[in-house]
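Each protein sequence line maps, in turn, to chains A and B.
Just so you know, we're using our numbering here: the first sequence kicks off at 1 and counts up by one.
Just so you know, we're using our numbering here: the second sequence kicks off at 1001 and counts up by one.
The hints are simulated quantities; they were obtained by calculation from the structure and are not laboratory data.
Backbone N, C-alpha and C define an ideal beta-carbon position, used for all residues, glycine too.
If you only want the chain B side, here are some residues facing chain A, beta carbon under 10 Å, derived:
#, residue
1, Thr1087
2, Asn1088
3, Gln1106
4, Ser1107
5, Ile1114
One-letter residues, chain by chain:
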Amino acid sequence: MKPLTPRRVLAVCSLLLLVLFVAVVISLRMGAYPISIPDIVATLFNRIAGRTDQIPSEFLLVVFGLRLPRIALGIIVGAALSTAGAGFQALLRNPLADPYVLGVSSGAALGAIMSLVFAPHVAGAIQIAAFIGAGATIAVVFLLGRRGGQLDTATLLLAGIITTSFLSAVIMFLMTTLSGRDLRGISFWVMGDLATAPVIDLKWLFFVLIIAAGSIYTTTSDLNLILTGEQEARHLGVNVRRVKLVVYVASSVLTGLAVSVSGSIGYVGLLVPHVMRMLFGNDYRLLIPTSAIGGAILIVVADMLARTLLGATEVPVGAMTALAGAPVFIYLMRRRVR
Amino acid sequence: MKTMPPIRALFAAAILLALFALVTRTAPARAPAQAETTASAPARTITDETGRRMSIPATVRRIVSLAPDVTETVYALGAGDRLVGDTNYCDTPPEAKLKPHVGNPQSPSLEAVIALHPDLVLASTSINAAETADSLLKLGVPVYTSDPHTILGMLDSAARLGDLIGAKAQGEALKQNLRARLDVLQVRLGDRPLAHVLFLVWFAPPQSIGSNTFIADALRFAGAESVIVSDENWPKPSFEEILRVQPDYIILTTDHEGGATDIADLRSRKDWQSLEAVRLGRVITVSDSFDRPSPGLIDAIEQLARQLHPEAFVAEAHQ
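Just chain A, same shape as in the assembly:
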């Protein structure tokens, strides 16, 4: 393993944050409402300086009411999904693990729908229910994916596929029998989008994201050791059970968080950690932060395309990520089989 200096972590992450910043600026510029870059800059500048009376009210509306909240939501969802993906990959020791592929997103979606049915107006209930759904699903997939006491890639993926289709069927059933209730359409839970701002304040989502991603981050040195061999890690004094528990709970929280506000957006947790591994290596101390920022970049760019490609008509951002993610998944799978 290449020695990883704090300086390198800082340099790589700063670089990625710069890319994210550029993506955010471009994304702020794009949309059905025409605003030029100088106008955006002036709007941002006046807003920060507190001179809101100098900005045309529609610019304020479009930039701060529509685009920035949506971009911020995209950053939170993207970071949550790819950190969760990297977490599940470490937990299952399998680079093909991803909340969407393993059915964890469907579990979170089912939890979210149940809470909308049984506790429709309780603040935060949908997030907690989505977390429980995600946690229960990954536990089931983990048990089903074992063969002779060992996790087997093909069995794990099959378990994920079966679980996804079963949960989708339950969702379909619920949505059909409950039609007329004030639930969002089936397509939202199957292929998520960022078009509607969540009821819950972004600040709270962000707070949970930092706590959950941060707790995975504290385990990264131990994760590196565990991935070289659990036995050896134990001998070196790593509390393997505790580390796994932290990663399991935190990854489920992150998946539940993302799905509860954006529906199931697929392949982010697969695509981003994989690209980050190719670029920066396998060290989890670097992989977790770069995946978080990379996920944010991916969703910001994908959502920008989703809301501009067809003019005023919006494509679900989940369709965009699946278009990019599915081929990568096939590539990864074939490479592993060989």
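Since the structure of chain A is already known, use the hints to place chain B on it.
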């Protein structure tokens, strides 16, 4: 358990701070937008048909419609020139197709709506998602949503819309006119027994209408009754169920391009040709106006009544 190296903690804190700053910046955003509209014209406060309250200018100059039926009503009220935008689905009257579009009714682009500077956005529960109206209202854009479940409710709704956009007289006239036509129809049909019909909004798999839809109500005005009884809006009866209820007539709708499944299709299919209605040729294709709670629906009702009860109209002609 090892402790976190300081540089990593620092780094995490930096990201946290940067992102937090970004998120908190976005929160309060909408107050100034409303101030401007209220300054330009005296406002009135209204409650729409879904219970949402909002403030709209006394004189509405720029209207955006998010639903085909609303677009049609706006034109019927003579306010087509004040309609500054509608959706990809708005095709009646033909001029509506030339207006700038804001996307599909189910997921319009909010930015495109704002870019048209509307002082009133009109929506309908017949096709629009509740989230769309909520989001626009949160941004300070007034959205009036109509919620038609019956034909008379639809006429009231049209009159109310007329009042909102400063076409009160036209609205009342439209309502009275359509109401009068329905009354004439009632008199003609008298107390003839209702025809038992299977109304299909979709052919394969068969999808019909529930009892609480405006289509079910429209059928009653045309002297018909749906054989499918359901609380769901768009129930999907099995073919066995259709076979069991044996409708007198089967009613199909044309799609947007005017193409449709017709009796020839039904006769070519083994299962459907076993129905008595198909054997007797009692299959009627109605225009897609039947799918929209708009003034054109009254034409469609009259037409259907003529086809279901031709004798009622012959008798009237002789008198």
